[in-house]
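Asker: Produce the entire structure from the sequences given, and follow the hints as far as they go.
First to last, the protein sequences are chains Z and A.
Per this note's numbering, residue 1 is the first one in the first sequence, and the count goes up by one each step.
Per this note's numbering, residue 1001 is the first one in the second sequence, and the count goes up by one each step.
Rather than coming from a laboratory, the hints here were simulated on the basis of the structure.
Remember, predicted model here, so these are calculated numbers, not experimental data.
Using N, Cα and C, we set each Cβ at its ideal position, and we do this for glycine too.
Among these hints, one or two may not hold up.
[Stated by the list, open to error] Mimicking DSS-like on lysine-lysine, the simulated pairs with C-alpha atoms at most 25 angstroms apart in a straight line are:
{"no.": "1", "chain 1": "Z", "residue 1": "K85", "chain 2": "A", "residue 2": "K1085"}
{"no.": "2", "chain 1": "A", "residue 1": "K1173", "chain 2": "Z", "residue 2": "K85"}
{"no.": "3", "chain 1": "A", "residue 1": "K1323", "chain 2": "A", "residue 2": "K1144"}
{"no.": "4", "chain 1": "A", "residue 1": "K1366", "chain 2": "A", "residue 2": "K1352"}
{"no.": "5", "chain 1": "A", "residue 1": "K1069", "chain 2": "Z", "residue 2": "K173"}
{"no.": "6", "chain 1": "A", "residue 1": "K1062", "chain 2": "A", "residue 2": "K1352"}
{"no.": "7", "chain 1": "Z", "residue 1": "K244", "chain 2": "A", "residue 2": "K1244"}
{"no.": "8", "chain 1": "Z", "residue 1": "K85", "chain 2": "Z", "residue 2": "K69"}
{"no.": "9", "chain 1": "A", "residue 1": "K1062", "chain 2": "A", "residue 2": "K1348"}
[Said to hold, decoys possible] Derived list of chain Z stretches under chain A, where covered just means 3 residues or more per stretch with a C-beta under 8 angstroms from a C-beta of chain A:
{"no.": "10", "region": "63-70"}
{"no.": "11", "region": "114-121"}
{"no.": "12", "region": "227-234"}
{"no.": "13", "region": "248-256"}
{"no.": "14", "region": "286-299"}
There are 2 protein chains.
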Amino acid sequence: MIAPPRIGVAAVHSKASESMPRPDRHKLTVSCLLGLFAFLCLAPFSAMAQAVDPLPSWNDGKAKQSIIKFVEDVTREGSPDFVPKEQRIATFDNDGTLWIEQPMYVQMVFAIDRLRELLPMHPEWRDQQPFKAALDGDFKTLLKDGQGSRNLQTIVGVTHAGMTPEEFEQIVKNWLATAKHPRFHRPYTELVYQPMLEVLAYFRANGFKTFIVSGGGIEFVRAFADQTYGVPTDQVIGSSIVTKFERRDGLPRLFRFPDVNFVDDGPGKPVGIEQHVGRRPIAAFGNSDGDLQMLQWTTESGGRRLGVIVHHTDAVREYAYDKDSLVGHLDLALEAAKLDSWTVVDMKTDWKVIFPFEMKGEASPKP
Amino acid sequence: MIAPPRIGVAAVHSKASESMPRPDRHKLTVSCLLGLFAFLCLAPFSAMAQAVDPLPSWNDGKAKQSIIKFVEDVTREGSPDFVPKEQRIATFDNDGTLWIEQPMYVQMVFAIDRLRELLPMHPEWRDQQPFKAALDGDFKTLLKDGQGSRNLQTIVGVTHAGMTPEEFEQIVKNWLATAKHPRFHRPYTELVYQPMLEVLAYFRANGFKTFIVSGGGIEFVRAFADQTYGVPTDQVIGSSIVTKFERRDGLPRLFRFPDVNFVDDGPGKPVGIEQHVGRRPIAAFGNSDGDLQMLQWTTESGGRRLGVIVHHTDAVREYAYDKDSLVGHLDLALEAAKLDSWTVVDMKTDWKVIFPFEMKGEASPKP
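Answerer: This is the structure:
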């Protein structure tokens, strides 16, 4: 087992780890002997590095131990639990697992801001559901039992379609550059969980490919995943709307249509992983009932597996919620965690810091 | 520009290049100074390596030059055509571009063998189309204008569904281990194009991510892509049938259903690439009209781009076919190649060898 680099405030290190420049690697291939020499020289440094804590923002406890023990077991050559590199697939939910999702899913806030922007062309939305509820910030009506999913799809349809994927990416990037969280007054990309950035980097340093598996829109998440998490666009899996190829003004392009193509949530997550990765993960991280089937499919497959539920228990530094919350609803998956021996992370006690800015000594605003 | 490793008979080297063990990389990160030292030591070797021909199985000529010039232009720092690593995406069709597709698509041969295996349970297939045509090897009827696609889908439906993805992968692997090409009497995985294996390795050595974008079934291609091409399962894009999550006998699993989910051919190829990669490629390789839109979308986007059509012109060492062939039909894309300045590879004159076995001095059987 090799210890990962120490993690700074942002995920810059983890990005470098994912996509180390290939020419540099190649220079080593050119001269095997020198490479072997370098390896032998560096081995003692590597042994030293193991003493560095791979998860410095985690308090010692069952959760931290279970993650480290898992990585050590599947990467130690000769271990009965050893897993070859090409099978080291780890999947991570995004909303509530890697970044904040309260008081409302970030993509929904984006969609509502887009609704407001487009409102002059659609004044009828003021009196028409689900647009009215969205514009009024009436999340209870918006996410009402059994209608939340359809309402969100309707709003995504009118705000996320009608452009090329490149244009949509730019719209998201522009929004992320200016929008701020109502309580933390910071860009959403700063409201990612420092302990989880460390997990991402730790897994990658140990030969894992890390995939984001989001119920959110695949192209929304791709707009920031590389810079924020060190996860390249092709390792992001998510929900999508219909995209078609066409020629317009003599040029080929893709165009986004307001119909659902794929819902990457609940039982859709294992299907999305199969479509994109073609392998069953050996580790999966989630925080809500939307992650239930992903964790079941990952862990109930024989062999050494890791399932992790991030439980939001810290109302002071972040939010405390589970089975009574419409956003990030966690009920069945918490029951399943007992049955399947998943690791349940108690954010309040397991995490020394929640957000990267706390490492600079900046405090969270009071709830 | 860094020269790639020399290519042996199989694609083992390219595989190593794609997935260089991360712990080894990491050891270098641990000690930057030693790394810098090693870099300085190795620089002269790297310069030497540039003299090594990256495409040794290609004859000197326009095609080879255009490929090398493109890679040099987009990887040279400070060049007006420089492309950052994360945008270096290259896509490759499979049938007829990376491996043999005559006298019939390999996956179709597999499907027909499966039909024969399942025939005792479905004796009605003997008199029922398209099964009868498939069982009789009557490819003309099978691929008849306007019906080929539907016929293939029907046959894929009954031969590729009704099991888990893991079970299907094993069925394909077992078949590939025993099936032999009718003319070459070798396993199909030996009938890959040596010059294209070199292109894959050359691109990867220069920081490209290489994706297979096949009209064939995504899980059929994944069963051999890693070992044969050094392309991991998550970098394979292809057509797919519906897969659903379910619990059976108390365990979660995915199950394959006989309905089309996605057709990754023609205008579907750019859509499939967007779904999986989330970026427009800067280089694309194909050989038939099914690759037309992928090459247009790749090259007609401004900036330095590479489009390549592999033209099958060698009836002695392989097959010669284009617009009159039902398999690998090439007509519109050959016209478009002129308009869009794509590189057209003449297999007869541009390739020193076609298959890896020729490098061991073994001759091709006569046509």
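Asker: Are the hints correct? Go through all of them and say.
Answerer: Evaluated hints:
Among the hinted pairs, K85/Z with K1085/A is consistent with the structure: their alpha-carbon atoms are about 23 angstroms apart, no more than 25 angstroms. For the proposed pair K1173/A and K85/Z, the alpha carbon gap of about 20 angstroms is at most 25 angstroms, so the pair holds. Distance restraint check for K1323/A and K1144/A: the Cα-Cα separation of roughly 15 angstroms lies within the 25 angstroms cut-off, and the hinted pair is therefore satisfied. Distance hint between K1366/A and K1352/A is fulfilled; the C-alpha atoms sit about 17 angstroms from each other, no more than 25 angstroms.
Between K1069/A and K173/Z, the direct Cα distance comes to roughly 34 angstroms. Violation of the 25 angstroms bound is thereby established for this hinted pair. For the suggested pair K1062/A and K1352/A, the alpha carbons sit about 14 angstroms apart, so the restraint of at most 25 angstroms is met. Between the alpha carbons of K244/Z and K1244/A the distance comes to roughly 24 angstroms, so the proposed pair stays at or under 25 angstroms and holds. Between K85/Z and K69/Z, the direct Cα distance comes to roughly 17 angstroms. Compliance with the 25 angstroms bound is thereby established for this hinted pair.
For the proposed pair K1062/A and K1348/A, the alpha carbon gap of about 14 angstroms is at most 25 angstroms, so the pair holds. Against chain A, the region 63-70 of chain Z contributes 0 residues with a C-beta closer than 8 angstroms to a partner C-beta. That does not satisfy the three-residue criterion, and the hint is violated. Judged by the Cβ-Cβ criterion of 8 angstroms, the region 114-121 of chain Z is not covered by chain A as claimed, because only 0 of its residues qualify and three are needed. Only residues whose beta carbon comes within less than 8 angstroms of a beta carbon in chain A count, and the region 227-234 of chain Z has 3; three or more means the coverage holds.
Counting residues of the region 248-256 of chain Z whose CB falls under 8 angstroms from any CB of chain A gives 4; the rule of at least 3 is met. Coverage of the region 286-299 of chain Z by chain A holds in this model, with 3 residues showing a Cβ closer than 8 angstroms to a Cβ of that chain against a need of three.
Of the numbered hints listed earlier, those contradicted by the structure are 5, 10, 11.
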